[in-house]
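Asker: Residues per chain are reported as follows:
Protein chains: 2
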Amino acid sequence: MSYGGLNMSRRIRRTAYTDRVEAAGVRGFSVVNHMLLPKAFQKSVTDDYYHLREHVQIWDVSVQRQVEIKGTDATKLVQWMTSRDISKATIGQCLYVPLVDDKGGMINDPVLLKLEDDRYWLSIADSDVLLWAKGLALGAGMEVEISEPDVSPLAVQGPKAEDLMVKVFGEAIRQVKFFRYARFDFKGTSQVIARSGYSKQGGFEIYLDDSALGHDLWDTIWDAGQSFNISPGCPNLIERIEGGLLSYGNEMTRQNNPLECGMDDYVVLDGSIDFIGLEALQKIKADGITKHIRAIIFEGEPCPTCAKPWPVMADDNKNIKIGEVTSAMYSPRLEKNIGLSMVDRDYWNPGQKVTVECVDGLLRKGFVSKLPLSE
Amino acid sequence: MSYGGLNMSRRIRRTAYTDRVEAAGVRGFSVVNHMLLPKAFQKSVTDDYYHLREHVQIWDVSVQRQVEIKGTDATKLVQWMTSRDISKATIGQCLYVPLVDDKGGMINDPVLLKLEDDRYWLSIADSDVLLWAKGLALGAGMEVEISEPDVSPLAVQGPKAEDLMVKVFGEAIRQVKFFRYARFDFKGTSQVIARSGYSKQGGFEIYLDDSALGHDLWDTIWDAGQSFNISPGCPNLIERIEGGLLSYGNEMTRQNNPLECGMDDYVVLDGSIDFIGLEALQKIKADGITKHIRAIIFEGEPCPTCAKPWPVMADDNKNIKIGEVTSAMYSPRLEKNIGLSMVDRDYWNPGQKVTVECVDGLLRKGFVSKLPLSE
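Residue numbers (the working numbering), protein chains in the order written: chain A, 27 to 401; chain B, 27 to 401.
Bear in mind the hints are in silico, worked out from the structure with no lab data behind them.
Note that beta-carbon positions come from the ideal geometry of N, C-alpha and C, so glycine has one too.
Straight-line C-alpha distance at most 16 Å; calculated EDC-like pairs for lysine to aspartate or glutamate:
1) K379/A / D341/A
2) K203/A / D189/A
3) K129/A / E174/B
4) K102/B / D144/B
5) K391/B / E325/B
6) K129/A / E171/B
7) K334/A / E48/B
8) K129/B / E169/A
9) K334/B / E48/A
10) K391/A / D341/A
11) K391/A / E325/A
12) K311/B / D290/B
13) K129/B / E171/A
14) K317/B / D290/B
15) K347/A / E383/A
16) K96/A / E142/A
17) K334/A / D45/B
18) K69/A / E48/A
19) K334/B / D45/A
20) K102/A / E142/A
21) K129/B / E174/A
22) K129/A / E169/B
23) K334/B / E383/B
24) K309/B / D290/B
Not everything, but these chain A residues come out facing chain B in the computed CB check (under 7 Å):
25) N33
26) R37
27) D154
28) L157
29) L164
30) G275
31) T331
32) K334
Bound-form chain A, shown alone:
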């Protein structure tokens, strides 16, 4: 991985846990939603990957800001914003909801938490969904209040996450199903804890309400985690690519629609729900999508950091560009470079031979694969 320097300012907000993250030896950050996201600690990405698959990690994912939408028209607004049917959503459920614009382009891909019948949180990726929601509501004259509450998600990820969480929050945590949440006591406060997270290794996300409790929560998890070989961590690029977890701004932008992103299960086009972009997506579906997200597995030395898209060519023909790698990393387990790319439909079949032109100028041979790569 390569790092430039990051110039700190108040605008790039510190989180409830940044002091602890620094004490734990953070080496690099990213910036998401105008806030610091730890991206590297002492371990290499490879060591971190193996650790995540075997033990448990604590991740500061406060950048997953909540956009709270509440009021008489809350359900109406949220449904208008997403292609997924939320009419049967229940309190206690988490739903992955593509947000799309009038052209069917991705605005964000948050997790929706239904807190009350007229109160929701959208746990967002990197775009100002609050402004989008506020604009829509103001323009349409909807009765809602939209705010960013003081909620700082902390993720506990890895196969030992459940046992660690039991130690802190009690046996009841085992009853929380995947993409469900329940409320648990922390030092006399009621906190939302969901079985979810940005890895495929299992785990939980604590939606800590009140950043003043941040140090206390971090320390509590950290101390309890010592017997589980806990490590400070962050979303792991190798694990994420293998798991086929997309990143908004990387694999998809407003130039992509949810069908290209493989989100078909969350796109209802039969007219049973109305939402922004319905017509556009119906047309896209009828015409057939022109590209689809795929894995690219490619040879050669471990690839450099993918900081700008790398052209993907069909076979070794430099004149036929069929996609762009937008995230990539060497997988020590597969002993190959792995990347994510939208791939043109004429070439998206698994096994299609490709050439990737990395930023280092080297041409690397590879092939198209389905997602996820992990077993």
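Place chain B on chain A using the hints.
Answerer: Relative to the frame of chain A, chain B by itself:
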């Protein structure tokens, strides 16, 4: 200045000039509008400050993304978004326009360029104004097209900027008045160039339309600038604070209104225009604002980087918190630390004695001053 590492990814977009900026020895970046903003080169901030005041610098300010609003309802939408009267704006004019929400809170403080009667650019600070505008337009059913064009602003700042620009674009550039723009030829393309920029040293901003021309433009300015002692640069924190230039996300957020920010000249409350937040701002004005942006001048060793707000106390009374420093730097010219802070109305008179509690734990004595500090 302190830097952490910045983990690069496609999501944090490189600009039309990043290759050149790297070749010029950039040491640190910030992230604005999901894009890289160079923030430090080889020179110290102090040396950079003196250089900017004496010579000329080239700044990659591509992060000033343009939000293009065009169509039948373009003027209506832009006016709805800002507290400033744009009805008399002319093509060729640049206007500093506070964007406010329904509570009167700052959404952004862009520069508006009127390109045609029904086509505008908002040259934005760090928030997704495109989503805000699109949301409003969709909600209200307005006939507009909203997009982010491939425009990469490059700033040429400093007292020698005009002579340098003449060398590249000809004598006509001298006729461009402050906060006006005109079109100039660059290699057969027509480019918008404004006399503007995020410093008080004078200069221009080239709104380069077509990022493929980025290297060519940078090299042309750079080569022509050699006889003017040109240096790669970026908005200078000392110069910015002395000049009283606020930074969205630092000095102001949605929690601040434009009256607190000293933008009274751009807030029309007599009802002659209607905009989002009019009623809220009328009430705020009638009640009287409770705080106002001020400079804080304070003693002691050069202060550290202000990465989170520092409490400002009245006199040396720790129990009376009257503000928070949100940007700060040691000024070698004033031989004092200087910072920006919203200050409570009971304490905002120039000369008010204060104590600043910096992140290093040291208490520094100082006083309140009006802005700007520069002569």
